[in-house]
Amino acid sequence: MAIQAHLPLKPVTYLTLLILAQEPTYGVVLLDKLEARSGGTIQLNAGSLYRTIAALVDAGLLTPSEDSAPSGGVGAPRKTYSVTDLGREVLRAEVERQSALLDLARELDLQETR
Amino acid sequence: MTGLPRSASLLIRLHPPSIREPYGREMEEVTRFQLDRVPKGPAGWWAHGRILAGLAGSAVAAWTTVIAAGLSTGADRWTAGLGLDLRFLSRSLRRSPGYAVTVVVVLAAAVAVTASVFSFVQGTLLAEPPYPNSDRVVVAWGSNPTNGQLRDVVSGPNFVDLRDRTTTLEALAALHGDDRVLIEDGRQRAIGVNEVSSEFFSAVRIQPFLGRLFDGRERSPQNGTNILVSHGFWQTELAGDPGVVGSTLALNGIPHTVIGVLPPDFQFLAPAPVWAPLTEEALTSRERYNIHFHLIGLLRPDATPEAATRELTAITEDIAVEYPGFEGWTVLVERLHAASVMSVRPIVWTSAAAVILVLLVALVNLATLFRIRTLQRDEEITVRAALGSGRRRIVRILGMEAVTLSLVGAAIGLLVAPSLLSRIVDLIPLWITIPESAAQVQALRARLDPRVAGTTVVLAALGSLVLTAPALLSAARRRAAPGRSSRIHGSRGTNWLVAVELALATVLVLGAGLLVRSADRMLATDVGVDDQGLLTLWVGNVWEWPIPDQVLYFQQLVDRVEAMPGVESAGIIDYPPFLGEDDYARVYFLDSTGDPVRDLREEWRRVDGGVMSTLGFRMLQGRPIGDGDLVGTPSVAVVNESFARKHYPAGDALGSRVSTHNGAYRDLEIVGIIADVRSHGPQTPAQPILYVPQQGDPRGTVGLMVRVRGGDPMALAPAVQDEIWTLDPTQPAAYPAAVSDLVGQWVAVPRAVRTLVSGLALFSILLAALGVFGVVGFAVQSRTTEMGLRLALGASPGRLRSDILMGTAPLVGLGVLAGLILGLGAARFARSLLYGVGPSDPVAAAGAIAIMATAALLATWLPARRASRIDPSEAMRTE
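Chains A and B are the protein sequences, given in the same order.
When the first sequence is numbered by our numbering, its final residue is 120 and no position is left out of the sequence of numbers.
When the second sequence is numbered by our numbering, its final residue is 889 and no position is left out of the sequence of numbers.
Treat the hints as calculated values from the structure; they're not laboratory data.
Since this is a predicted model, take the numbers as computed values, not measurements.
Treat each hint with caution, since some may be false.
[Said to hold, decoys possible] Straight line, CA to CA, 25 Å or less: simulated SDA-like cross-link-like pairs of lysine to any residue:
id, chain 1, residue 1, chain 2, residue 2
1, A, Lys39, B, Gly34
2, A, Lys39, B, Asp275
3, A, Lys39, A, Glu29
4, A, Lys16, B, Ser28
[As the list claims (entries may be wrong)] Here chain A is said to cover these stretches of chain B; the calculated rule only asks that three of the stretch's residues, wherever they fall, bring their Cβ under 8 Å from a Cβ of chain A:
id, region
5, 36-44
6, 263-269
We put the beta carbon where it would ideally sit given N, CA and C, even for glycine.
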């Protein structure tokens, strides 16, 4: 699928890709970081979190990898999710799209008028 | 970390497998993590609930995505081969046009018949009556179960007593249909008037279109000339004048004041153009034994018709103590709508039942046709399966053909249905049977009930789907064993379908046979009047004239009419037979000294000297009333056979003496006995009737009976009217009618049912024959090789034919026998429709067997003949 077909990214998807591009991690940590980085505006339940993850995996933007043991060595092994090369390209394209929009906003000097 | 609550675990499991399977375990972990962070106490409960609600919402959203994706993929897949299949469908139908046309015609006919008959049922029995509180508006009848008079009218004084004493009815009103004379261009025109007591609109609570309705004010004589006009009359005759209220109309030469216009949708009993009040005086001054009035009431919300029946009967019993002669009389209260549709109910339901049978026969027929079609395409399906067509594809190709043909058939059926409905409305004279909703029935003519039409199409589609499903499934199953031929096995299933079809058709044929025989018996019944070449008119409006002037006027009128060319004789009777109106007298039976020994309420008629011979009454004993029988002492009377049998069982009626409540008719000697006249149609037994000379006290308006020499009596009607107006242009000559048409109206309903059910039976015979033809034809086709071989080996064509005919015999025998048993059982429920034949009439049963066997024989004969003409060498090559 062409990169443009994924754009624009929904806020949850965008933030998920950004967080995982920084460092691959597993569900619980991702949930925590989503909430922290969005300033509390994104609060997901397990269902919506994994529906987002499943959609990104199906689209080839994320890839799961089996972690050998959870932290502390207790419990079942966990999957960590990392951004694929395609995912990075899509993320880059989204950042460019947003920065172009930001430039436009700056040209209009919206901050002054506020 | 704590354990996961069962509710959360369940909600996670409710997610679709595409989410649940790869991520379920992690979802549980994340949820547990979230729940662990929830604080204790009420604030925590809220957060806890929010997490669970989020999971539930997520499950719904996930499933929605999955289903939407599935549908879109399915639709893509379905449309992919659609164009190809449609092309294939049209090619395959072009190759077998007979099959396509048969299916379409069968379904179109079934849908048309069902939609129109059920629209008719909807419009008559099930439609909401055109007045408010329809579940509380009742009719109260004078009823005498011991002498078979269940629903009779009531006298004015009895009405007043019932009205004043009832507590179960909020209002009770009297109603009487009459005529008044409106003078236009110097000539009189009779117009229908519904006379109602002032309580009428308290019982039937409609709102006036203009002005006001009758209320308590119309009880007093000074308001007796107030009238209401119908919306139609106001529009057509009064030019829709908005200032009509307060204007006057001269009825019977007396100015009447229009006080209101009735609403446009109001049709009640006889839809009369003018409504006039019955003042209290008019009600109480009438003879208690002269019964005239229909009683219409409004039940209290907490009362039932049964409670009102009990109460009004108790009041009638009290009246009987005061006024002898009402012994045995009760009151029957029933809902007006139920009473109105009562006479058509068995007819309408019989038609509906017949239509359901036809629909079933048609659907079974379609199932047979589809099955044969599938079996005929056996090889094609096998080849398709071998070439890799999936089960779904095969079902789709066969199913699409069935659905397309069904839809085309249903569409044609719906197009035809309105004209069929119009025919049915024409066929069944509803103005006789449902006067209450005459307007609704007329409206019915114009449109098919959309709910009924929709339901019919859905039922036909579902029916054909359910019935074709076995054929489709068996075709699909054959993919598992593409090499195996299922023709023999398949045709056995088809045989059962045909047996069912034959059985259902036999039920209808038997029912039609019973109705035909019943109607024939009815039409052959002697009504006691020679109704051919007989004309009747309502004449006279001389109520206020002195009796000698009345007698003179009627005598001159008869003389003038008798002198007309083309008239054989004429005479006068106060209530002509077949118009549905009767009159009653209190009859005192006298002993040899002239003292009354007992008295009873009986029907009576006032006649002149010429009417008995004009009507063609048959004298059994004695002589008729003659012109010389002027009233005086001693005067004479004639009785009918029923009267003589009831009151003089020893056969001593002639010479016996009777008196009546009417002072003009005292001490009458019975001088003749005439044969009974069935004045309510051939199916209703005659009541005892006393005939007296009218000269004593003529009725102000009477029936003039005119016997014409040959030809249509109606052709002479204008000349007779002119003659009456020549004598006195201010007198009415209204409602001319041929007596044969009046008699015909009484048998119109049974005739109509006979026509309708016979038509349906014929259609079902055709369908059943088609089924037999299809099945036998297919059996012959699939055994072509065998037939050819037998012919080649020396079998005679006759032998082949008889083998095929004999092979079908058990199937036909079984179907017809089952139908006969079912039909004889069902006929017991339709007993009320039969006249002169029992439900297990052997002639009808034998007729049904003969008709069905002949139809089956013909349907078998054609393919059998084809089989016997097979060219052996051709037949061998076909395999």
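Checked hints:
no.: 1; hint: A:Lys39 / B:Gly34; in the structure: holds, 21 Å
no.: 2; hint: A:Lys39 / B:Asp275; in the structure: violated, 73 Å
no.: 3; hint: A:Lys39 / A:Glu29; in the structure: holds, 11 Å
no.: 4; hint: A:Lys16 / B:Ser28; in the structure: holds, 22 Å
no.: 5; hint: 36-44; in the structure: holds (count 8)
no.: 6; hint: 263-269; in the structure: violated (count 0)
Checked against the numbered hints given earlier, the structure breaks hints 2 and 6 and satisfies all the rest.
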